[in-house]
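Undergrad: Sequence:
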Amino acid sequence: MNPKVELSESIIDLYQKLLNDNSIKDNTDTVDSALRTYSRILDLNYIPSQNTTNAFLKVLEACSKHRLHSLDRDSILVIKKAGIINKRNDLVITIMTNHLYWAITKQPEICNELIDIINEMVNETCPYLIVVRAYYQITQYFVSKKNFDSCKIYLDKIKTIIAVVKDYQILYYYYLSLGNFHFVQGELYKTIYYLSKVIYYKDSAPDLDQYYRAHYLLALSYASNSIMDKAIHHIDILLNNKSGYNKDTMLIMKSRMLTQSKQYPEAEEILLKLRKSNPSNQALIGKVNVDLFISALMQADKEKIENRYKKLNDVNIKMVHPLFLNYYYIHVSQPDKVDIEKIIKDYQETETKHNPFAKQYLYFLLEYFIKNKDYLRAYKQLQLLKQKLNSLEVEYKKSELESYLELLESYETFNNNEASKREFVSSIKQEKLEKSLIGKTLAFRKVIGDCKIIANAHFSNVLITGETGTGKEMIAKLIHYNSNRKSNDFCELNLTAMSSSLIESELFGYKKGAFTGALQDKKGLLEIVHNGTLFLDEISEIPLDIQAKLLKVVEEKSFYPVGSTKPVSSNFRLICASNQDLLSLTESNQFRLDLYYRISNYEIKLPTLRDRKDDIPLITKHFVEYYCGKLTKPSFELNDEQISRLLSYDYPGNIRELKNLIQRIVICFHSGQSIDQVISDSLRLKKSPSQLQSFNLEEIEKKTIISALKEVNGIQSKAARLLGISNNAIARKITKYDLRNYCN
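With the first letter of the sequence shown counted as 1, position 34 gets the number 33 in numbering that gives the first Met the number 0; the numbers rise by one all the way through.
A portion of the hints provided could be inaccurate.
[Stated by the list, open to error] Pairwise CB distance ranges (calculated):
1. Ile642 <-> Gly671: 20 to 30 Å
2. Lys431 <-> Gln281: 43 to 53 Å
3. Gln298 <-> Ser563: 25 to 35 Å
[What the hints assert, rightly or not] 30 Å max Cα-Cα, derived DSS-like pairs, lysine-lysine:
4. Lys632 <-> Lys548
5. Lys735 <-> Lys709
6. Lys565 <-> Lys551
Bear in mind the hints are in silico, worked out from the structure with no lab data behind them. Just so you know, even glycine gets a beta-carbon here, dropped at the ideal spot from N, CA and C.
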């Protein structure tokens, strides 16, 4: 018999026997020998029969599935050639994918070859599921290398396939890929969102190992966000199933989560049972003793701390995280051993995204600085660390930073140090404000840049103009909190629908007995805001008699409270805002020209939202995450079509209108309603300004006022309330449009 044919027939008999007897696990050496035999057939320039090649690939597929065979570069080429000979690209892709799963950690040197073969073998005849599974495994490799750009390429490839065919198993791998991707990047709220979808598709899970990995990553993600009940839920799933995770390791993880959530008796019960059931496992006993010691520290139980510290040997003490040793030194035994500068330096060099002790570190540093009455340094250090702690950006519960502020304010020494407290609070407000001002368009960035420039010129009065809802108040605060006045008061007064007497009382204050009802002295905002900033919103609504008094105050920086004969000096900065053109109002004698020039040393005009539409996706994402945090729900993303529909609208109410729309979207999404329907219902009721261009704006205003006056039988005060404007404002507009015939 021809030796080539003989080899071919012997190898197929061997393969069939291995497959039929299900004995691959017990014959890895034989499989290795068979692979070399197949390679020899190819070397003899003999093309094996279809049955031989099919059997060969089937055995290698089964072998790779059980992870029983280490491929070298020569073996990879043999398998590739076998697939080409028999046109079985799908089998080759499956073999390479299976092998890539464990080559990532055991044979990293061949991963790139495996990926190259997969990409070469993918064609239009390959089943989508096999291709998606391969792409998923490739994303795992790039995630392990932190090569996120390459990872995104394969995520996009999977997304393209999903657009063609919506199969639950394909969606399973897609969400699993996204979950792993965001976990390694430290975006834990996104990890939770996508892996929760993986759990939802449980019945479609073709690979239980990956399904249980999703539970494991969810446990870590929830724990990093201090949502311990959900973290423990996922650990329990791993404990109650054949997940492949070491049971003792999972129990220790569960005990640590219970400890961090202050469920100390339950945590210690698990640890004591582990110690009792594993008396010969010294490594495990060491971990248990360390965790019991840490539990005692967190309970501040001095008796337990000392007793459990005695159980630690030198090896165990090295296992204790430096953070908790320093807790021990500072609170119990040897505070002189604490080297705070080294702690800060070491922590800054530590990768903290998934550090289970991150939160404890923050509290330790906070307590240390508070004990030393160094409050500003406490805040600055927290700021530095917070940048590294991605978990604190998730608003599943009250912001950690706000909690620290409340904790600091609870200390009497801090409350007695007013200057320190003011600087601390203003720094927090400045940070929150700057994170809320979102935009990348040139017009918006110019406004932000102008604000930071004019902030330093603290003697200049600023006029902010722009349509309703463009964020004039936030811009005023940005100027204040970037100036050297930021540690002093920022007071605001909205002048809409306020009478002259009320405005006068609010601005100047009054003395007891100045008028009926003045039962005690009251400081006006001008006095309160000494060395700070006064923000007057809708300055166009201020009555003419008050305009004259305000002009004098702005010029002289002194005033008389109502009923007082003694002047009060105030070094304040004035920021005003208006949605109307003040110069036009000066022409009709509704606003004093001299006051206009006094309040507008520097003018900032805010762009409308329709003039910065490129910012809408960023603003939308911000508000989605914000309101999801308020509802303590995972965040989500709007799809391209939904974003496109938001971009098509002009938003006459600007950012405020978009904010309200996103709030409705978030509420409806988490109650199971359709986002598309919410957008349709909201935008259908409104007309864009572009649809009103054929109308005269003043004519529209005039008709609206006439309708309001007719509705209330010509009573001006009622019409003003109906229109949401002040009595003074409607009086000016009635004069402007000569509508006296419609009034009683």
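Undergrad: Each hint should be assessed against the structure and marked as holding or not.
TA: Now for the hints, and whether the structure bears them out:
A beta carbon spacing of about 21 Å between Ile642 and Gly671 agrees with the range 20 to 30 Å that was offered as a hint. At roughly 50 Å, the beta-carbon separation of Lys431 and Gln281 lies within the given 43 to 53 Å, and the hint holds. Between Gln298 and Ser563 the C-beta distance comes to about 59 Å, which lies outside the given range of 25 to 35 Å. Taking the CA atoms of Lys632 and Lys548, the gap is about 51 Å. The hint is violated against a cut of 30 Å.
The suggested pairing of Lys735 with Lys709 holds, with an alpha-carbon distance near 18 Å, which does not exceed 30 Å. For the given pair, Lys565 sits about 16 Å from Lys551 by alpha-carbon distance, which is consistent with the 30 Å threshold.
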